[in-house]
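Next come the chains, spelled out residue by residue.
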Amino acid sequence: MTEGHIEEQRKEKARRKKSRLPMLAQAGPVSIWMILFVTIPLLFIIYISFMTRGPFGGVVYKFSLESYKTLLDPIYFTVILKSLRVALFTTLLCLLLGYPFAYYIAKQPAERASKLIMLLMIPFWTNSMIRLNSWMLFFQTAGPVNNVLLKLGLIQKPIMFLYTDPLVMLGLVTGMLPFAVLPMYSSIEKLQKNLLEASADLGAGPSLTFRKVTLPLTMPGIVSAIILVFIPSLGTYTVTDMLGGGKVLYIGNIIKNQFGSIRNWPLGAALSVLLLAITALLIFLYTRFAHVDELEVV
Amino acid sequence: MEQMKTKRQGKHRLGHFFATLYIFIMYAVFYLPVVVMVVYSFNDARKNYSWMGFTTRWYTKLFSFSNSSLWDTLIYSLIIAVLATVISTFIGVLGAIGLKKFEFRGKKFINMMLYVPIIVPEIVLAVATLILFVTFGIKMGLGSILIGHCTFCIPYAVVTIKGRISGDNDTLEEASMDLGANRIQTFTKVTIPTIMPGVMSAAFLSFTLSIDDVVMSNMLAGGSQSTLPVMILSLNRTGLTGDVNALTTVMICVMVISMLIYSAIRKRIAKKEAQA
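Read top to bottom, the protein sequences are chains A and B. Residue 1222 is where the first sequence starts when you use our numbering, and the numbers rise one by one after that. Residue 124 is where the second sequence starts when you use our numbering, and the numbers rise one by one after that.
Think of the hints as simulated: they come from the structure by calculation, not from any bench. Mixed in with the good hints, there may be bad ones.
What the hints assert, rightly or not - Simulated crosslink set (SDA-like; lysine to any residue; CA at most 20 Å straight-line):
| no. | chain 1 | residue 1 | chain 2 | residue 2 |
| --- | --- | --- | --- | --- |
| 1 | B | LYS223 | A | PRO1243 |
| 2 | B | LYS395 | B | VAL379 |
| 3 | A | LYS1433 | A | ILE1443 |
| 4 | B | LYS231 | A | ALA1501 |
| 5 | B | LYS231 | A | ARG1509 |
| 6 | A | LYS1290 | A | THR1273 |
| 7 | A | LYS1328 | A | ARG1432 |
| 8 | B | LYS230 | A | ALA1327 |
| 9 | A | LYS1336 | B | VAL157 |
| 10 | B | LYS390 | B | ARG287 |
| 11 | B | LYS231 | A | ILE1256 |
| 12 | B | LYS312 | A | MET1339 |
| 13 | A | LYS1468 | B | ASN359 |
| 14 | B | LYS224 | A | LYS1411 |
| 15 | A | LYS1411 | A | GLY1424 |
| 16 | B | LYS231 | A | PRO1250 |
| 17 | A | LYS1328 | A | ILE1443 |
| 18 | B | LYS223 | A | MET1244 |
| 19 | A | LYS1468 | A | ILE1301 |
| 20 | B | LYS390 | A | MET1339 |
| 21 | B | LYS285 | A | GLY1249 |
Stated by the list, open to error - On the chain A side, residues computed to face chain B include the following (Cβ under 10 Å):
| no. | residue |
| --- | --- |
| 22 | GLY1249 |
| 23 | ILE1266 |
| 24 | PHE1359 |
| 25 | ALA1363 |
| 26 | ILE1452 |
| 27 | ILE1472 |
| 28 | LEU1497 |
Note that the Cβ used here is the ideal one computed from N, Cα and C, for glycine as well.
Bound conformation, chain B alone (with noise of 0.2 Å):
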């Protein structure tokens, strides 16, 4: 019997090794391509084709700004980010809160309009806005790719404030009224605040899904000026220099901060809100 016992409890034992081995092995290929980037920023080489010794030639490159082209696509990327960040939460807010709470005709198929962007395969649904476009005479450019990004931001953001709003926002929304707030002011300052974090989130998701975006970007740039995945994706087969890895080891830093800082934020109030 205890000899049973302590064979049952080694194989436990054994079975949590190779669990936590696994998982480890798992976050180990999924960090493994940041930490390539992040070396690599330090290649003392004038292309990334080998390794050829320590060197931070591209970081005082990067700051002394003299390669302007790189800080271009970046800055014209954070402005599309910005901007669809800012339409599609906007849009979000108000599609999340009136798909919820009025009936209407046609809004089951709005609903499912909703579920394509997020479901079909963004090639179709960039070539259909670039045959659209091209047709009808729009101008690519940057009015273009804002259009291809909030169309699949929008859906993402309505989907997660969605899931934010509850039962509870009705009565909450009623008893401001009952107070003698107008519309305006309710929805200012007593649905909004209650469905903040979900509008955070949805924010945070379009900012980081526009940023990133290859497809969108690609098809609807009609050559003008190309965001920084586009850039990379084009100048891949010639060999990307280091201070791409520079440029993206630091963005990558700044992440991870602004997203400790808000979470260290958001920390501190929710202790405040519990101590009063």
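Okay, chain A solo, but in the shape it has when bound (with noise of 0.2 Å):
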């Protein structure tokens, strides 16, 4: 090694020390907050569902794998089970009325198509809690669609929307639908027409091209929207609350009450693991398909 060169890695080592400054004044504090107020809070919660449940509630430290055994009781066995199907449900309901409507979207000139889709945020910026309010006022006893039906004499007496599964489902696929539809549009617009072009030229009909050529390209698109809306669908407990009024009970709800009315920590952690777990089969799942750094996220 030359006197030069060591001069020169003695310089690159000086100038990497300068960098530092900004580097930890840039990058420092997202990291600190991520690790204080992310990673931290989920290494605790895994810690406490192994936790046993204090008899007043609260936690007594001492290793149990009690909140486990008693997911596994029938009574949150099966709304763990309702839970997903339900999530699966609205998952399958998004993609199936979202993927049309972003191709539409796609498929008109960009500044229509922005406008478009300026106009499906705009509801959106209305209170999430009022929106929920306003289908329970739709669907409600003496509501519009109750009215409508009596006067036009298809019933006799109000139908009973209110607190029941479907109206549930209602609010959860209408408030997770632009979830679906965003990153669906956006993988469709990326969609290069003159692949589709070529796949009919070759002699490929539109539903072949479809297949072949359309669904495959806009897989990420797709595979983004599952994960933005089951996971969310899986763990609410707002919907449920308000259009189930208590009467419908999702996982969220489950996990919220551990931390109200029933005091029982540990189940409740061991309820949000069993979520992490799920999301993060999900997310490896993903991971097959595309990178995490390309989920299409707002």
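Mind assembling these two chains? They're in different frames, but the hints should get you there.
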């Protein structure tokens, strides 16, 4: 090693040290925040899920698998299965309703498309709780739907829509649809026209082109949509609380109740860990289709 | 041949008709709750169980400020939303630049952590934060809600702004430094203006996420003053009064109008730049 080389290396080291201050100032706050308020709470909740429930609520720091055993109790297990079923159904509906919607917008001229997207966003600036309340008013016993059906003589007495699973599903689907439409829209928009033309030129009909070209190429958007709809639907408690009136219970409600009236923190923690595990599994599956950085959000 | 052509055209037109109809129905469904909200803000009933006729009394009541608890919750929600927006956008700008520009150990981990609040159900993070705060004796209230909000706003801010930083930024910054500007000057005069559209949308997104949040606000309030969405959630079962509808109607109007003004200003600036 020559003298000059060593000198060069020393300079490089000094330069690197000098660049450490701006690095700390810029990447520091976000890193500290994420570790303090994401990593540590999640590790802590995993830890709590293996502890024992105190006699008057609270936590006794003694290892136990009691909470996880409780999850297998039929009462809780049916709720978990039901939540999974509803989330799955919501996701399916969002994909089926959202894909043609996204496709239509993506095929419009750019300016019109961005206007249509804007038009889609505006209703979602309204408070989400008041929107759920509106669905309730719309379907309540003396609400417009029942009134019209009664006037038309289609029903003799009002239908009880409130506090039923279908209404909860309606609230979920209408609330989640934009999160399905936006990622699918952006991947359909990127789809190159000449690929579709090539497919048609080679003799493929519209349905074959759709199955062999459009669908595989827009898969990242579809998988993003699945993640962005399925996981929040699985963890919701507000939609069930507003439209289910406490009669319809999903995982989210059970978790919330453990920290309110029931006070069984380890059980709430174990249910949260279950949601975390399902999320992790889905993300793992997602990475087999696309890179996580490509997950289209917003 | 001719006949086939017209037949295909006819089929095409029919397809077009159904596509338009479908889009129209979808938008109608999206706007229906908003319309119901506005209509019931004019409902002359003590509580919104049924339609009792037209009135504007909820708006008079709202702006006579007689229901001070409603205004208190709104102001409380606004304070939290503004603070969350400022903090998240500030940390988000720095973080997006820092995570793009520098290589350091654990960067991959931080990038992964940023996706956690976006993807994991909010209830999980809210409950985890609650357990941590209670265990370590941190008092619940404005501070805890604010921390909760920032935790999910920061990732969105970072992701939004990161998308706006391109390769050109490095060249521009180097040029600025070569011309004698120091780091801080370069940051405020070069870096920030180039990523400004991203910063604006990050701020807008943070504000809308915070003002609409229920889960964090509900879990981390600890019996203190609740935010507007939490109040609506808790009053829902006993029935909301029309002034809440009136208030949210006013809010959506303000949002839409300010959005229109913002886009008009941006259009005008773009026009001026094009002329210059």
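For each hint, the structure was consulted:
Under the criterion of a C-alpha separation no larger than 20 Å, the hint pairing LYS223 of chain B with PRO1243 of chain A is consistent with the structure, at around 13 Å. Proximity of LYS395 of chain B to VAL379 of chain B is assessed by CA-CA distance (about 24 Å); at most 20 Å being required, the pair is judged violated. Distance restraint check for LYS1433 of chain A and ILE1443 of chain A: the Cα-Cα separation of roughly 15 Å lies within the 20 Å cut-off, and the hinted pair is therefore satisfied. At most 20 Å may separate the alpha-carbon atoms for a hinted pair to count; LYS231 of chain B and ALA1501 of chain A meet this at roughly 17 Å.
Distance check on the hinted pair: LYS231 of chain B and ARG1509 of chain A sit about 18 Å apart at the alpha-carbon level, within 20 Å; holds. Simply put, LYS1290 of chain A and THR1273 of chain A have alpha-carbon atoms about 12 Å apart, close enough for the 20 Å limit, and the pair holds. With a C-alpha separation of about 18 Å, the suggested pair LYS1328 of chain A and ARG1432 of chain A falls inside the 20 Å cut-off, and the hint holds. The straight-line distance between the Cα atoms of LYS230 of chain B and ALA1327 of chain A is roughly 35 Å, outside the 20 Å bound, and the hint therefore fails.
As the CA atoms of LYS1336 of chain A and VAL157 of chain B are separated by approximately 19 Å, the hinted pair is consistent with the 20 Å bound. Restraint check: the Cα-Cα separation between LYS390 of chain B and ARG287 of chain B comes to about 19 Å, which is no more than 20 Å; the hinted pair holds. Simply put, LYS231 of chain B and ILE1256 of chain A have alpha-carbon atoms about 13 Å apart, close enough for the 20 Å limit, and the pair holds. A C-alpha spacing of about 31 Å is found between LYS312 of chain B and MET1339 of chain A, which places the hinted pair above 20 Å, so the restraint is violated.
Our distance criterion of 20 Å between C-alpha atoms is met by LYS1468 of chain A and ASN359 of chain B, whose separation comes to about 14 Å. In summary, the hint linking LYS224 of chain B to LYS1411 of chain A is not supported, as the alpha carbons are separated by about 27 Å, beyond the 20 Å threshold. About 23 Å separates the Cα atoms of LYS1411 of chain A and GLY1424 of chain A, which puts this hinted pair outside 20 Å; it is violated. Between LYS231 of chain B and PRO1250 of chain A the CA atoms are separated by roughly 16 Å; this keeps the pair inside 20 Å, and the hint holds.
Straight-line distance between C-alpha atoms of LYS1328 of chain A and ILE1443 of chain A comes to about 17 Å, which keeps the hinted pair within the 20 Å bound. For a cut-off of 20 Å, the pair hint linking LYS223 of chain B to MET1244 of chain A stands: about 11 Å separates their Cα positions. For the given pair, LYS1468 of chain A sits about 15 Å from ILE1301 of chain A by alpha-carbon distance, which is consistent with the 20 Å threshold. Annotation: proposed proximity of LYS390 of chain B to MET1339 of chain A holds, straight-line Cα distance about 16 Å (limit 20 Å).
Only pairs whose Cα atoms come within 20 Å are accepted, and LYS285 of chain B paired with GLY1249 of chain A is accepted, the gap being roughly 16 Å. A distance limit of 10 Å between C-beta atoms decides the matter here; for GLY1249 of chain A the minimum to chain B is near 7 Å, and the interface restraint holds. At a threshold of 10 Å, the smallest CB-CB gap from ILE1266 of chain A to chain B is about 4 Å, leaving the interface hint in force. With its C-beta approaching chain B no nearer than about 5 Å, PHE1359 of chain A sits inside the 10 Å limit, and its interface hint holds.
The criterion of a C-beta within 10 Å of any C-beta in chain B is met by ALA1363 of chain A, whose closest approach is roughly 4 Å, and the hint holds. Annotation: interface hint on ILE1452 of chain A holds; nearest CB of chain B at approximately 6 Å, less than 10 Å. For the restraint placing ILE1472 of chain A at the interface with chain B, the shortest Cβ-Cβ distance is roughly 8 Å, inside the 10 Å limit, so the hint holds. With 10 Å as the threshold, the beta carbon of LEU1497 of chain A comes within range of chain B, its nearest partner Cβ sitting at about 6 Å, so the hint holds.
This entry does not satisfy hints 2, 8, 12, 14 and 15, going by the numbered hints stated previously.
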